[in-house]
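Student: For the record, the sequence lines run as chains Z and A. Quick note on our numbering: the first sequence kicks off at 1 and runs consecutively. Quick note on our numbering: the second sequence kicks off at 116 and runs consecutively.
Be aware that a few hints might be false.
Claimed, not checked - To give an idea of the chain Z side of the interface with chain A (calculated C-beta under 8 Å), a few residues:
#1 F28
#2 T31
#3 F34
#4 G53
#5 D88
#6 S95
As the list claims (entries may be wrong) - Computed footprint of chain A on chain Z, listed as stretches where at least three residues anywhere in the stretch have a Cβ under 8 Å from a Cβ of chain A:
#7 42 to 49
#8 106 to 112
Keep in mind that the hints were calculated from the coordinates and are not lab data. For each residue, glycine too, the CB sits at the ideal point set by N, CA and C.
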Amino acid sequence: GAVVSQHPSRVICKSGTSVKIECRSLDFQATTMFWYRQFPKKSLMLMATSNEGSKATYEQGVEKDKFLINHASLTLSTLTVTSAHPEDSSFYICSARRRTGLEAFFGQGTRLTVV
Amino acid sequence: GIQVEQSPPDLILQEGANSTLRCNFSDSVNNLQWFHQNPWGQLINLFYIPSGTKQNGRLSATTVATERYSLLYISSSQTTDSGVYFCAAGGKLIFGQGTELSVKP
Numbered sequence: 001g002a003v004v005s006q007h008p009s010r011v012i013c014k015s016g017t018s019v020k021i022e023c024r025s026l027d028f029q030a031t032t033m034f035w036y037r038q039f040p041k042k043s044l045m046l047m048a049t050s051n052e053g054s055k056a057t058y059e060q061g062v063e064k065d066k067f068l069i070n071h072a073s074l075t076l077s078t079l080t081v082t083s084a085h086p087e088d089s090s091f092y093i094c095s096a097r098r099r100t101g102l103e104a105f106f107g108q109g110t111r112l113t114v115v
Numbered sequence: 116g117i118q119v120e121q122s123p124p125d126l127i128l129q130e131g132a133n134s135t136l137r138c139n140f141s142d143s144v145n146n147l148q149w150f151h152q153n154p155w156g157q158l159i160n161l162f163y164i165p166s167g168t169k170q171n172g173r174l175s176a177t178t179v180a181t182e183r184y185s186l187l188y189i190s191s192s193q194t195t196d197s198g199v200y201f202c203a204a205g206g207k208l209i210f211g212q213g214t215e216l217s218v219k220p
């Protein structure tokens with residue numbers, strides 16, 4: 001159990017367009033989901049925390065108007081990168097946590113390239 | 116917020132050797148996890164270990180919560196153990212900088 005699926009795994013988009021990344025918990029209800037960003041050879045940087053049915057909490061320095069996070073159901077959270085620029089190119093990873101317990105489970109990640 | 120530090124940053128081993136990776140955290144936590152990131156970026160859950168000791172095959176982990184550190188032990192290392200090992204701690208799951216392990220045949 002505890003499978004988290006992220007889609008797409010890889011996406012290339014043109015500068016100025018928006019791209020949506022989905023994160024689904026396949027076999028459990030995820031009351032909390034996290035979104036991270038990872039640069040090459042670096043650690044994971046927490047971008048925001050989302051709780052089902054409420055607004056996401058963004059970490060300091062993360063533009064909430066650029067990185068729109070929606071957690072509309074107990075199994076789905078989405079990250080939309082709006083008006084993407086080449087500097088938004090990165091590896092984005094989501095994780096999900098059950099209602100009970102603190103252990104988090106991670107999706108496969110999405111490699112975004114903005115050209 | 117909580118700070119998480121890992122050591123060493125890099126580690127090169129000969130196949131069959133044992134190793135210990137360390138994770139220090141700056142505040143008391145009720146959540147600590149160890150992960151292995153594979154070459155495709157997937158984070159594999161190794162241990163959820165806010166305190167105590169756990170073992171899974173050749174891997175084991177110990178967290179001493181009162182002293183704010185956790186250790187990951189890898190015994191009889193194999194080339195497939197290569198990759199980056201992360202610890203993450205706290206309610207927001209803050210990550211350390213990772214240890215990049217390379218196991219040579």
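Student: Just pull the numbers of the violated hints for me, sorted ascending.
Tutor: The structure breaks hints 1, 2, 4, 5; every other hint is satisfied.
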